[in-house]
Amino acid sequence: MFNPLIVYWGAKHWGRAFLLPLALWALLSGCANVQLVSAYDAQIDTGVSRYAQDLETYIAKMAGLFGQPEGAYAHNRDFYAEQAGRLGALILRAEATDPGKGCVLSDKAAELLGDRLPAELKSVAKDVSGNGDGCTVRMLKNLKIQLGQLAELQKTMQGLNSAAAVSVLNISSQAIRAVLAVEALKKKGIEG
Amino acid sequence: MSLQIEDVFKEMMSAGADVFADNWGDVSTYAESEFRKMAQQIVDIADNVALNKKDSNKGYNEEAAKILMNMQRLATANVLVAMSAMTLVTAKQAINAMLATVNKALGGAISAIL
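Going down the list, the protein sequences come from chains F and D.
One point on numbering: in the working numbering, the residue at position 107 of the first sequence is 107, and numbering is uninterrupted.
One point on numbering: in the working numbering, the residue at position 5 of the second sequence is 197, and numbering is uninterrupted.
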């Protein structure tokens with residue numbers, strides 16, 4: 001247990017060289033593992049990877065079916081329901097392991113970006129710290145919102161032509177890659 | 193006015209370095225790669241709308257482009273959130289490594305006194 005008297009005694013008798021490491025050890029030994037972000041979760045990693053594969057397959061299939069009834073949103077509602085359910089389950093899982101500290105630096109980033117941040121993005125960024133969501137939770141929620149936007153696009157275009165398919169794939173991949181990049185870094189920390 | 197990828201990219205990199213200041217070194221490799229893709233995607237959307245205006249069988253219209261831009265905004269938000277998370281993960285790993293070293297080096301000797 002941390003005892004300031006012992007630290008004082010150590011400083012007086014053993015000099016300052018002893019004081020710093022002792023004080024550090026005494027102060028930090030109570031926190032064996034600092035939890036600033038949620039820990040690596042293999043199920044989120046594999047769940048998001050599987051979502052990426054399914055989405056890519058779906059987009060390629062829709063581009064091939066453009067102009068046919070099978071390529072319209074109405075024929076593909078099941079895909080959206082299934083994937084929304086999968087992302088919903090991953091969000092719940094991430095929320096369960098969220099250390100509850102929010103995504104601290106995103107708030108700072110939003111504040112510093114100020115007027116340079118588009119209004120829509122500002123509200124998203126503000127929401128990151130505003131409701132205390134962890135970074136992983138926030139990113140997964142964004143994937144789910146993006147899936148809804150894809151459904152909206154498919155309804156609007158009555159399918160997905162090849163140009164839209166390429167754009168959707170690039171944009172979705174970027175959002176997905178963000179989640180996987182963070183999980184990969186967490187995993188590297190465990191293995192390293 | 194045609195959008196230039198390099199111009200958009202440079203603006204993003206400059207803003208990113210500003211925003212992440214001291215932590216820029218931890219995330220700059222990831223940011224550079226993603227900002228470049230982001231710039232490419234924004235320019236592609238503009239190009240597809242221009243193409244569609246010339247030939248309605250090519251590219252896509254403004255309504256579709258608006259939805260795609262909203263999707264891009266969320267992808268951008270995810271990149272920014274990921275950059276923030278990366279700095280937190282790096283900080284966490286550095287602190288935990290330091291704790292482990294301090295505990296290993298001093299734990300045995302000092303725990304007897306305390």
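Note that these hints are calculated values from the structure, not bench results.
Fair warning: there could be bad hints in the mix.
[To be verified] Computed, partial: chain F to chain D, Cβ under 7 Å:
{"hint": "1", "residue": "Arg138"}
{"hint": "2", "residue": "Met139"}
{"hint": "3", "residue": "Asn142"}
{"hint": "4", "residue": "Thr156"}
{"hint": "5", "residue": "Met157"}
{"hint": "6", "residue": "Gln158"}
{"hint": "7", "residue": "Ser167"}
{"hint": "8", "residue": "Leu169"}
{"hint": "9", "residue": "Ala175"}
{"hint": "10", "residue": "Leu180"}
{"hint": "11", "residue": "Ala181"}
Built from N, CA and C at the ideal position, the CB exists for glycine as well.
Evaluation of the provided hints:
1. Arg138: Check passed: Cβ of Arg138 of chain F comes within 5 Å of chain D, closer than 7 Å.
2. Met139: holds (5 Å)
3. Asn142: Nearest chain D Cβ about 5 Å off; hint holds.
4. Thr156: Given a least distance of 6 Å, the restraint on Thr156 of chain F holds.
5. Met157: holds (5 Å)
6. Gln158: At about 11 Å, which exceeds the 7 Å cut-off, the nearest Cβ of chain D leaves the hint on Gln158 of chain F violated.
7. Ser167: Hint on Ser167 of chain F: holds, closest Cβ of chain D at ~5 Å, below 7 Å.
8. Leu169: violated (10 Å)
9. Ala175: Interface hint status for Ala175 of chain F: holds (4 Å vs cutoff 7 Å).
10. Leu180: With a minimum Cβ separation of about 9 Å from chain D (threshold 7 Å), the hint on Leu180 of chain F is violated.
11. Ala181: holds (6 Å)
In this structure, the hints that do not hold are numbers 6, 8 and 10, in rising order.
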